[in-house]
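Trainee: Chains as they are written, first to last, in our numbering: chain B, 1 to 269; chain Y, 1 to 273; chain P, 1 to 357.
Calculated directly from the structure, the hints in this document are not laboratory data. Wrong hints could be hidden among the right ones.
[To be verified] Listed below are the simulated DSS-like cross-link pairs for lysine-lysine, each with C-alpha atoms no more than 25 Å apart in a straight line:
| no. | chain 1 | residue 1 | chain 2 | residue 2 |
| --- | --- | --- | --- | --- |
| 1 | P | Lys250 | Y | Lys85 |
| 2 | P | Lys146 | Y | Lys85 |
| 3 | Y | Lys121 | Y | Lys84 |
| 4 | Y | Lys141 | Y | Lys128 |
| 5 | P | Lys146 | Y | Lys84 |
| 6 | Y | Lys128 | Y | Lys85 |
| 7 | P | Lys146 | P | Lys250 |
| 8 | B | Lys129 | P | Lys319 |
| 9 | P | Lys250 | Y | Lys84 |
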Amino acid sequence: MKVMRQHTGATVGVSFIVLLLLASLFAPLPYDPKATEGGASLQAPSGAHWFGTDGAGADVFSRVIDAARIDLSLALAGTVLSLVLGVVLGLAASTKGKGSERLVRGLDAFQAFPLLILALALVTLSGNKLYMVVVAIALINIPRYMRLLRSEVLSLRESRFVEAAMAMGASPRRITFRHLLPNVWGVVLVQTSLTIANAIVVIAALSFLGVGVSAPTPSWGGMIRAGAGNMSSGEWWIASFPGLIVLLCVLAFNQLADAIGDTTARSHR
Amino acid sequence: MSDELVLDVRNLAVTIDTPDGVVNPVRGIDLQVHRGEIVGIMGESGCGKSTTVKGILRLLGPNSHVTADTINLVGKADLAHASKKVMESIRGRHIGFVAQNPFGSLNPIYSIERQFYEVQKAHKTGAKKAESREIALSMLKGVGIVAPERVLSGYAHQLSGGMAQRVVIALATTLGPELLFADEPTTGLDATVQAQILDLISGLVRTENRSMVLVTHDLGVIAQYCQRAVVMYQGEIVESGDVMQVMVNPQHEYTKKLIGSVPKAEGRLNVAR
Amino acid sequence: MASSPTAVISIGSKAPIKKASGPLRLVLTRLGFLVSALFIVVTLSFFLVSVTPGDPAQLIAGPMATAEQITQIRADLGLDEPILTRYVDYLGGLVQGDLGNSYFSKRPIVDELVEKLPATLELVLLSVLFATVVGVAAGAVGAYFKGRLPDKVSRFVTGVFQAIPDFFLGLILIYVVFFLLGLAPAPSGRVGLVETGPGRVTGSYLIDSLLAGDFALFVSAAHHLMLPVLTLGLVYAAYFAKTARSTIGKALNSQQAQFARAMGLPERTVVRYAFAESRTTIVTYAGVIFASLLGGEAIVERVFAWNGIGTWSLQGITKLDLPVVQGMVLVAGAITLIVYTLLDIIVGLLDPRISHA
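Isolated chain B, as found in the complex (with noise of 0.2 Å):
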């Protein structure tokens, strides 16, 4: 909380989010998000419709606010599944040794992979399936926690506090429990609000690639898919507005990261 104070962008940020969640949870919308009305399609935001409609006369605002519901909950998942795969592999990797310093390659070497479409192809052969999209992300962030916290715990493992919980031969386990864990906690915040973000990213990536969340249920990705050709032709709110909420939630977890990141680095002056 201590974070929020200091950090008005982050406070903003998940303002933000939280709002957004509620309302997709229990706000009432205006309209149903899946009704189509033939004939009020692609009519430009107004009073009726905030946030105008789509190609099929569906209200875009009424989308936007229920897509929250499927797009962060994947996101969360995907980030829940890397935070907790990564930190344990990214422990298990944290020693000196011919070994762990091979598996690093490996994962510079998987670095090299075009990720994106790694992804795509995961949940693609998968015949479409959500929890594919979960993995893709975990995927792709797995190896970003594992770089991190091997090298925050390869340098903390020279520190003097390290080394003289050891020389008064404390378990390796009560090393890793005690002392490193408590200490690399800072750095993990600021991956898992980064890793929100970029999940975020991925899955309207992979939506707007037509792939993961599909039609009729709404999700920004799709959306953003489905105004896209609009936007030659001057119908822009319909691409224009789930857009602009990816914007936003990843610029609110960057803020959210940069604050942890900021008090992290304060308190351990």
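Start from chain B and add chains Y and P according to the hints.
Mentor: What follows is chains Y and P alone, placed relative to chain B:
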């Protein structure tokens, strides 16, 4: 040492804007340096001694402000009210600066020769490359470097710590500044090299009748090399005067503690010499 | 975009350069790593794509196909063989420069790659150039005026462009620059719909149209490159600015810069020193961005109907054309690793601490 003033600082203060508010690391500093004199500024780390000399040269970051009634570099300019252009022409030419950790000072990606040439270019001495090289060679010889040609065409990382600091001193004195600021010039160097560097730099000052402000936390160094000492504590000068007087008969409580904290043998040894 | 460049920045720099004793040893070590890393990329991509549940044969056959038809297709594509046999076959072909044939077009993957790669490279190279120039400029301004207005503006703009999904930025630009302002052509690919590309020499439309002396076509090709390059360039410039700001900022506040100032060197020389000290990081980062753009830009190719390997691989994926997917992963991976290897060597040459060790 003469009575001729070289530098006269009155009421110098430094303020720094930090994310947590404004701080005043240095306040109300008066400092006079005479021709041929070595003045030592001593105090524990964080007392503002380094900030003082960097503040005079205006080398502190853009979030800091230096104010003073006067920073009179006698016969040259009042640095308290000098423009950036004037400051640039003063630094290096009239006031030389030697910092600790020579590897941090030297540019890692340009050859040593190039760094000498940059100084000539900056001060528009009109020296061509060949001339600059000749000057650099004689400067390097002057600081006791045995193979100056090889050092000149090499890079900082190829030098030992002592050699690198000699190069820094050569650079800092290339244009013959009448005043030298040395900010912990031997911290981090091997103990045997420390004495050599201090002998070198104080010798350079003495033979040319220049002046120096030597910042250090090492009382032994002050006792051995300086004529006058200034004691700083928490951003202010608490005591100043003749070295012997400050060392043997300290007036201020802090100075007494500072001197008392030095192991007896070393303190006596250095003062006695 | 799926692979943010911040995550991979350490690759170029974390090479075991310091251990190598001579330039030859350095190159050999790097080549060894290159080959083994490529092998890992090939193997991982092969198995990841192969073990994922989903049946290409079924998809190719369509929903109305009978079981026999599907079996037949599976046999035709060699999918009935055990996975290890397929893997060995694939590696065998790879050694001879054969990446298999597309399930759909039946053409060799290598031919299709050669045909489409130049379009992507032209786009990616120009985008990296744009991102580097704009990003370094914005970062340098931020670093120099740290904490003051220009820095705040630069950081705000950078933050927004970093958060914007590239495909969405592409659409916004289409709306604003094409629809509203009429300054860019419609997103119809490398040239207009009624135009045809120049005779192929290098594969780059810009160069080939000039070689053919067709100036009108050159203008059209440049015009069509404008929005996609702007899209990718702006997004990656934002990443670049962040790195450039901290690197140049560090160099400007270093003891070295302080000593340079203390020697009376003018401010522009100090800035030049800072740039020079940052150049290895800048080169490394440009390479990393180049690598992450390959494949990362596929979605932007789609937005602008760009006929490169990005669009090609996206089409391949939706049709479960496995050889296309593997070909894409392999080529993007190979170019990435080659770029990283070159980077290590270039950085080594630029830095006297390494080249004059």
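Trainee: Hint by hint, note whether the structure agrees.
Mentor: Structure-based check of each hint:
In summary, the hint linking Lys250 (chain P) to Lys85 (chain Y) is supported, as the alpha carbons are separated by about 24 Å, within the 25 Å threshold. For a cut-off of 25 Å, the pair hint linking Lys146 (chain P) to Lys85 (chain Y) stands: about 21 Å separates their Cα positions. Taken as a hint, the Lys121 (chain Y) and Lys84 (chain Y) pair is honoured in the structure, with Cα atoms around 17 Å apart against an allowance of 25 Å. Taking the CA atoms of Lys141 (chain Y) and Lys128 (chain Y), the gap is about 20 Å. The hint holds against a cut of 25 Å.
Between Lys146 (chain P) and Lys84 (chain Y) the alpha-carbon distance is near 19 Å, which keeps this suggested pair within the 25 Å criterion. With a C-alpha separation of about 23 Å, the suggested pairing of Lys128 (chain Y) with Lys85 (chain Y) holds against the 25 Å cut-off. Straight-line distance between C-alpha atoms of Lys146 (chain P) and Lys250 (chain P) comes to about 11 Å, which keeps the hinted pair within the 25 Å bound. Distance hint between Lys129 (chain B) and Lys319 (chain P) is fulfilled; the C-alpha atoms sit about 16 Å from each other, no more than 25 Å.
Between the alpha carbons of Lys250 (chain P) and Lys84 (chain Y) the distance comes to roughly 22 Å, so the proposed pair stays at or under 25 Å and holds.
Hint check: no violations occur; every hint is consistent with the structure.
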